[in-house]
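Visitor: Take a look at the letters that make up each chain.
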Amino acid sequence: MSAAVDEMSGSDAVLTVEIARKVYHPASAEPVEAVRDLAFAIRPGEIACLIGPSGAGKTTTLRILLGLDADYDGSIVPDPRASETGPGMVFQEPRLLPWRTVEQNVRLAMPRPQRGRDLDGLFAHLGLAPWRGRYPGALSLGMQRRVALARALANDPRLLVLDEPFVSLDDAAAASLRGLVVDTVDRLGMSVLMVTHNVAEAIAVADRLLLLSPRPASLVATIPLDRPRPQRDRAWADATRQDLAQRFPGVIAE
Amino acid sequence: MIRASASNRRAILTRLGSMLVLLAAWQAAAQAAGSRMLPTPLTVAAFIGRESARGDLWTNVGITLARVGVSFVLAMVLGVLLGVALGRSKRLNTLLDTPLLAMLNTPALVITVLAYVWVGLNESAAILAVVLNKLPNVAVILREGARDLDPGLEEMARTYRFDRRSWVAHVLVPQLQPYVVAAARSGLSLAWKIVLVIELLGRPNGVGFAINYYFVQSTDVAAILGYSIVFMSVMIAIDILLLQRLEAHVRRWR
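Top to bottom, those sequences are chains A and B. Residues 6 to 259 in the working numbering are what the first sequence spells out, letter by letter. Residues 358 to 611 in the working numbering are what the second sequence spells out, letter by letter.
Next up, chain A with everything else stripped away, as it sits in the complex:
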């Protein structure tokens, strides 16, 4: 099962995921196999998008690689349960502490010795400087996601994990947040694993697409997208999408 991993001389990967099997045991129902033989690795500096039908086990995979779920067969390297700081995580719901200010939310997610660090640059870059002292409830969803992004970036992680980060935003807010993510990642040279069901969005930003099968999730294919991001125009995106839809009809709709 580790073909996908071997292919890239595993050692320099930022994250290596090998989940042989993950089964849920609901109290009063048949066991559900959520993941089977799912293996992939994230390279330094790349943006990888995990795409799959809803209910395919994307969230399950994320919870495992964040170390929130230890009940599975397989391994994650580096082990999230042993390392001192995990990947920078942006959850689908922003999951901010509503009773703490924007700035406190960001600082609390840092290891205690680093909490005093100068974050002016980070807040300015994300357009959050005027909001530092406000409570999250006073912010729009788009701004709350920015705060969640700031929180994820504050620890200078090697890997940024985004779970449906642009869902339920209007087009303008989604585009501006997407621009920020791509810009930040290019500037800081970190890797990104983005989970999405929005194929167009993935085609716009990804260096590589990881296509998941319906449950139990396994890897159907990895698709490199070599064209530089600024050159990805509408026509190219549509052609890429149609091509993928023909090759993987179960995963990508036309």
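Check each hint, because a few of them may be wrong.
Under 10 angstroms between C-beta atoms, here's a sample of chain B residues computed to sit facing chain A [unchecked claim]: (1) Arg448; (2) Ala503; (3) Asp507; (4) Leu510; (5) Gln532; (6) Gln534; (7) Val538; (8) Ala605; (9) Trp610; (10) Arg611.
Partial chain A-side listing against chain B, Cβ under 8 angstroms, derived [claimed, not checked]: (11) Leu71; (12) Ala75; (13) Tyr77; (14) Arg100; (15) Leu102; (16) Pro103; (17) Tyr140; (18) Gly142; (19) Asp161.
For the record, the hints were derived by calculation from the structure and aren't laboratory data. The structure presented is a predicted model; accordingly, all values stated were derived computationally and were not measured. A virtual CB, placed ideally from N, CA and C, is assigned to each residue, including glycine.
Assemble chain B onto chain A, guided by the hints.
Guide: Relative to chain A, chain B alone:
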């Protein structure tokens, strides 16, 4: 702001109005009855003046207040700890649920009498009785609070490796605060009602003792009303000046 203060003033006037109507009704009823069993407001006020000039009123009120304070703090601290433990541990909850239900349904009088019988007619027994009466209510309210913790925030805190101190101060306590305030407000009135019974049964001082004394000696209804009005006013003042402000502070981020 002007509108707000105008509506505030109207609310205060309405409250004052309802109190005046109540006083007038009392005065009318007392005049119609013309009996020592229903003294007029002025008679009661005169008693309060005499008793407070002699110093007895404030001694007794002070002693009762001290008992309420000590037992209230003890019951809150122990009840919060027990409630949170019950809400977070299924096993502990199964173990202690029945005893808790039994205590909730034991009459305050029974607990008090047993405390005096087993511990002796002393201050410790009095405090113990109040604490045992009040603690189950606090524990039950806080158990609900501990069960309602947001699982999304738990995952966020684990992903960002919140240390125990940060988790308690910034994730756990803010979520429990509304429950603590609710338990405190309902608990304070409960505590002083129980303290009066306990003083009546086995203490040589305090408001409960004084009421019993005037009742047995001369069925002096003016004294009984005088004491309860003074003590009620003190407790309402504490609720408005302390607990309601605390509640507003806890909800400031909303």
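Visitor: Confirm or reject each hint.
Guide: Status of the hints after comparison with the structure:
no., hint, verdict
1, Arg448, "17 angstroms, violated"
2, Ala503, "17 angstroms, violated"
3, Asp507, "8 angstroms, holds"
4, Leu510, "6 angstroms, holds"
5, Gln532, "8 angstroms, holds"
6, Gln534, "8 angstroms, holds"
7, Val538, "13 angstroms, violated"
8, Ala605, "14 angstroms, violated"
9, Trp610, "4 angstroms, holds"
10, Arg611, "7 angstroms, holds"
11, Leu71, "5 angstroms, holds"
12, Ala75, "11 angstroms, violated"
13, Tyr77, "16 angstroms, violated"
14, Arg100, "4 angstroms, holds"
15, Leu102, "6 angstroms, holds"
16, Pro103, "6 angstroms, holds"
17, Tyr140, "4 angstroms, holds"
18, Gly142, "6 angstroms, holds"
19, Asp161, "14 angstroms, violated"
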